[in-house]
Amino acid sequence: MIDVHKLRKDFPILEKKIHGKPLVYLDNAATTQKPKMVLDEIIEFYSSINSNIHRGVHYLSEQASIAYENARKTVKGFLNAKSDYEIVFTSGTTQAINLVANSFGSKFIEEGDEIIVSEMEHHSNIVPWQILCERTQAELKVAPFDDDGKLMMDELKGLITEKTKLIAIVYVSNALGVVNPIKEIIEMAHTQDIPVLIDGAQAVQHFPVDVQELDCDFFAFSGHKMYAETGIGVLYGKEKWLEDMPPHHSGGGMVDSVTFEKTTYADLPFKFEAGTGNYVAAVSLAKAIEYISKLSMMEITIYENDLLKYATEKLDAIDGLMIYGLAPKRCGLISFNLDNIHPYDVGMILDKLGIAIRTGTHCAEPVMEHFGINATIRASFAFYNTKEEIDKLIDGMHKARVMLCK
Amino acid sequence: MKNTINDIQDKIIEEFSGLDDWIDKYEYLIDLGKRLNPLALTLKTEKNSMKGCQSKVWINAELKDGRLCFFADSDALITKGLIALLLQVLNNQTPKDIVNSDLYFIEKMGLNVHLSPSRANGLMSIVKQIKWYGLKYHTREIQQY
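Those protein sequence lines, which keep their order, are chains V and W.
For the record, in the first sequence the residue sitting at position 36 is 36 according to my numbering, with numbers rising by one throughout.
Position in the second sequence counted from 1, then plus 1000, gives you my numbering.
If we strip away everything but chain V, and leave its shape as in the complex, we get:
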């Protein structure tokens, strides 16, 4: 069982007061706070191991390289990938998706080909494909969702043709919290040998992910949204794809040999890791995974689902409050608006009450367009949040309404 009051002590920032009020941090989908264990690891690494990875013969370089590769092994275990070299470290989800768009795109996408995304993607799973399609004269097709935020599977199925070369889809919508049936989508795509990329940025911190069980071809996520440092992310790719894909960046560390006549590339995953990667952040990611594992991912899922259920009931009970995306399978966050009040005004008032939420389009403008709105208020949860904090959010909403609608 999650002992929330005990584990909150692991997160120094949660002690903070904002405008004289205890911090209520409900912006976890943007970034999570870091446990002391992760923070200590960063300081410890810089204090006693720091040295560039894969470069030197000296002791520290070897230690740093071992730590970096151990982090890769930890991620491999976390996703249950088949091997370490299917784990490519990137700066985050965005870079991971761009890597596939550029590398897979340059090898496998040609004029007339089709790529499918959904209407609920984050911009970082739209724009790289748009740019690729523009460059190659391929076509980007969009699978819609219904007014509950549920992906329309029949429509998606209808979009698949013999020209479809890739389906790139979000696991959990960052704007609605809706969980997509990605296993079903992957199975459907694989009957026609179409690879599938999963944007897992809002998934890995909330429930167990097993890439072999899902059988996805690519899976991307960010470290900073799951209790690690910023600047680290992961691209999981099946070996058969990664082997076939050309490097997307070039430079040091990604080559086998270089002459002016010909350069040959290093093995996986190094061919995709040109330059000095953020190895300290990679180590912090391993530590964050260790922290999560100690708590138990199953326990986290149970606890957070309970929080979300509580928040949904409480918010739904507010007269004039509209929740977006009430599909049956949701996780981690809730998006809503109050009457005709601008979310920005609500956000400003909640801020003064010490409550951190996100307002805006959440980098998912097509989702806003679907509902005919400019923005929403988004409260997103982590296992260190409490029901008392949700009560404070509810009180804050009432206060905002009183102030703005007087």
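You can take every hint at face value.
Cross-link-like lysine to aspartate or glutamate pairs, in silico, DMTMM-like; alpha carbons within 20 Å at most:
(1) W/Lys1025 - V/Asp351
(2) V/Lys21 - W/Asp1024
(3) V/Lys352 - W/Glu1027
(4) V/Lys76 - V/Asp210
(5) V/Lys399 - W/Asp1024
Just so you know, the hints here were simulated from the structure itself, not pulled from any lab data.
Here the structure is a predicted model, which is why all the values come from computation and not from measurement.
Start from chain V and add chain W according to the hints.
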């Protein structure tokens, strides 16, 4: 004799300093926002809109008897209140005075946080745009002489 920009700023600072806590201050801004005349739909154009990530902001200006009249609006109420404050200070001033104005009231009122570019409410752009209008008309005046 019209009030100078600094006269108005000082008056606003004095009014605002009488408000004790943030609730009173925000309610003051919200009230100002509600009382600001909404911009005609015909003026809520792409051309008049400012780039701000969250709340939308529009501004337009015209020169009347050597003084600049601003028309501005936002879809968020608190932002609108801040705009109303800016317009109180800068409306009906000469382009030259607008260009040379030092808007110290923002900091004195503790509102500078709302004007930092990171707030993404478009207000930073509106201050720049007001100054740009000032500069545009001031340059014309100089060229006419």
